[in-house]
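Taken in order, these protein sequences are the chains called A and B. Residue 212 in my numbering is what sits at position 230 of the first sequence, and the numbering runs on without skipping anything. Residue 179 in my numbering is what sits at position 178 of the second sequence, and the numbering runs on without skipping anything.
Keep in mind that a hint or two might mislead.
[Stated by the list, open to error] With a straight-line cut-off of 20 Å between C-alpha atoms, the simulated EDC-like cross-links for lysine to aspartate or glutamate are:
no., chain 1, residue 1, chain 2, residue 2
1, B, Lys107, A, Glu308
2, B, Lys107, A, Glu301
3, B, Lys137, B, Glu115
4, B, Lys7, B, Asp69
5, B, Lys7, B, Glu64
6, B, Lys137, A, Glu319
7, B, Lys123, B, Asp69
8, A, Lys213, A, Asp244
9, B, Lys137, A, Asp313
10, B, Lys7, B, Glu226
11, B, Lys7, B, Glu18
12, B, Lys123, B, Asp135
Please keep in mind that the hints were generated in silico from the structure rather than gathered at the bench.
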Amino acid sequence: MMHTHDTNAVPLPDRLNEDWRFGRPHVHARELAEILEHAQAAELRGVDLPSGVQLTPCAAEALPSIGSEALMRQALQIGPGQCLRIADGSQLREAISLHSEVHGGQVQQLRVIVGAGARLHLIEEHEYSEESMLVCLRRYELMPGATLRLEQRELGSGNTRAFCISSCICAENARFCSLSTHQDLAWARHECTLELTAPGAEALLLSANRLRSEQCLDMRNRQLHSSPGCKSRLLCKNTLTDRATAIFGGNIRVQPHAHDTDAYLSNLNLQLSPHATVHSLPMLEILADRVRCSHGSATAPVDAEQLFYLQSRGIPLAEARRTLEEAFLADVRLHFEQF
Amino acid sequence: MSLVIKNLHACVRGGQEILCGVDLDVPTGEVHAIMGPNGSGKSTLSKVLCGHPDYEVTAGSVELNGQDLLAMPPDARSRAGLFLAFQYPVEVPGVSNANFLRAALKARLPEGEELDAVAYYKRLRKVMNELGMDPKFSSRAVNEGFSGGEKKRNEVLQMLMLEPLCAILDETDSGLDVDALRIVSQGVNAMRSSFRSFLVITHYKRLLDYIVPDVVHVFHQGRIERTGGRDLVDYIEEHGFDFLKKEDA
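Same shape as in the complex, but just chain A:
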C-alpha cells in the first residue's frame, strides 16, 4: 500500500496540459506507473449475484482496449482485473451492486460483458478513505440487443482523488445509459469513450455532480459514431460553490459513412459562487452527410425567472433557491430513471 505523500505526488493531468486531452496520457503514464508500482488492486465485491451473472478474475491481456485506455494499461502494466459477464438473454429485474473501498493508492480494472438481448442495471460504487486515490479502467461491451443501465458513484472523503477511464462499445440495437456522480473528491478526472458500432445502437451518458470548496472535476467525453443509424445523448450537469472548478471536454465524432446519426451533447453548470470556475469545451467532428448533431453549453447562476416563480407561490427565497439547486441535478436522475 502506498503512503499518503506518494499519492499526492502522482503527476495527474490538468487543464493546461494538452497531452492529457483525448488520448495522450502515456506521456505521463510512466511516471504514474512508477509511483503506483506497489499499488494494490482494488477488488470489487458483488453482493448476492443472481444466476446468469459471473464475476471472475480476468487476465489483463484478455481486456481489449482502445485509445488512451490502451496506452495507460500498457504503461501501468496493470495486473489481472475482474470480469462481470451477463449471459445472453438474461433479464435481471434487480440491480447488481459492486462495491469497493479505496485505501491509499489503488488501481482497478473491470470488464463488463452484457450478452445478446440481456438486460442489466449495474451500480458501481467506490468509497474512498481519507487521502486515498484510485486509478480505474473500465470497459463495457454490449452485445446485439443488450441493455445496460449503469450507475457509477465515486464517494470521496477529504483529500481523495480519482482517475477513471471508461470505454463502452455498443453493438446493433444495444442500449446503454450511464449516470456518473462524484461526491466530495478533491480531484477527479473521468474520461469516457463511447463507440456505437452498428445500426440501432443508442446511448445516453449522464453526469450530475455537486462541487464545493476547492474541488475539481475534469470530465472528458467522446461519442464516436462508427455506424449509420445510431443515436447518442450526453448531459453533464454540475453545481459549483466556493472555489470549485469544473472542466468539461465533450466531442461528438461522426465517421465518414455514419449517416443518419442523431447525436447531442450538453454541459450545464449552475454557478453558485463568483469564485467558482468552469471551463467548457464542447466540440463536433462531423465527417458524414445527413446527420443531426448539435451541442450546447451554459454556465449561469440560479435562473431569476424560476426563482420568482417559486416565490410567487409562497415559497421563501432561501428554500426556493435550495429547491432549484437540488432540482438542477435531480433532473439528471430523472432522465436515468426514464431510460
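Let chain A serve as the given structure and place chain B on it in line with the hints.
Just chain B, lined up with the frame of chain A:
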C-alpha cells in the same frame, strides 16, 4: 376588504417608466377585467403587484386586505393571499408538480407543522380530475414539456390548490382550446366567493363570456383609461381600441 392600488408608478429597473399612475379598487367578491392593446402595461401591472425583481416601484401604494403589499417580498405577498396565473409560466426541470405544490402549501403552515400527505394527494387528484388533467402530470416536472394549454391549465390547478384571496389571471385564455377554456373557466367560477377577488387580464371577449366580470377596465399607456360594465367588452369587440387613439388626439 379589497385590492387597492393608488397612483402606482413603476419602471423597468433602471429604465423606462411603464406604469404611469394606476388607480384601481377591486373589492372582495368582485371580478374585474382589464383589457387593452398590446404594450399598454397590463402584464407589467400583474408582475409589479407580485414583486417581480425586474421592476421598480417609484411611487404609489398597493394594499391587499389592508396589508401593504409593496413592503413584502414576493413569497410573502403570495402567503398574504395574492396569486398570479402567469401569461408565460416558466419550466422548472427537476421539480415535480406534486412536490412544488406541497412546498407551496407547506410554506403557508405555521413553523413546525406538517402537511397531511394523504389528504393533500387526495385533494390534488380531485382538483386535477375537475380540471380534466391526467394524474400523471402530478409527477411530471413543473411545466416541462407541457403544451401552451397544459401550462395554463396547470396555473389554474395551482390557483385552486392555493385558494388565494385575490387572483390575477394574465391572459389565461391564450393557448387554450374551446373545451379547455370552458373547463378552466368553470374552475375559476367555482372559486368565486364573497371573500375573494379576481383581476382578469385578457385581449378577448371569449374568456369574459365564461368568466363574467363585474367591472371592465381599459388599460392604455400605463394607466386605466376607462372603466365600465359588460357593455364595454362588447364595444371593444366591435370597434377595437381605436377610440383610445382618438382620445389621445
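Straight-line Cα separation of Lys7/B and Glu64/B no greater than 20 Å?
-> Judged against 20 Å, a Cα distance of about 9 Å means the pair holds.
Pair hint outcome, Lys213/A versus Asp244/A [Cα-Cα no greater than 20 Å] | Holds, at roughly 5 Å.
Does Lys137/B pair with Glu115/B here, judged by a C-alpha cut-off of 20 Å?
-> violated (25 Å)
Regarding the pair Lys7/B and Glu226/B, is the alpha-carbon distance no greater than 20 Å?
-> holds (14 Å)
Is it true that the CA of Lys123/B sits at most 20 Å from the CA of Asp69/B?
-> Outside the cut-off at roughly 35 Å; violated.
Is Lys137/B within 20 Å of Asp313/A, Cα to Cα?
-> holds (17 Å)
Satisfaction of hint between Asp135/B and Lys123/B, Cα-Cα up to 20 Å | holds (14 Å)
Between Lys107/B and Glu308/A, is the straight-line Cα distance small enough, at 20 Å or below?
-> holds (18 Å)
Do the alpha carbons of Lys137/B and Glu319/A lie within 20 Å of each other, as the hint requires?
-> holds (15 Å)
20 Å Cα cutoff - pair Lys7/B, Glu18/B = holds (16 Å)
Between Lys107/B and Glu301/A, does the CA-CA distance stay at or below 20 Å?
-> holds (11 Å)
Does the structure keep Lys7/B and Asp69/B at a Cα separation of 20 Å or less?
-> Status holds; Cα separation ~12 Å.
Hint violations for this structure: numbers 3 and 7, all remaining hints satisfied.
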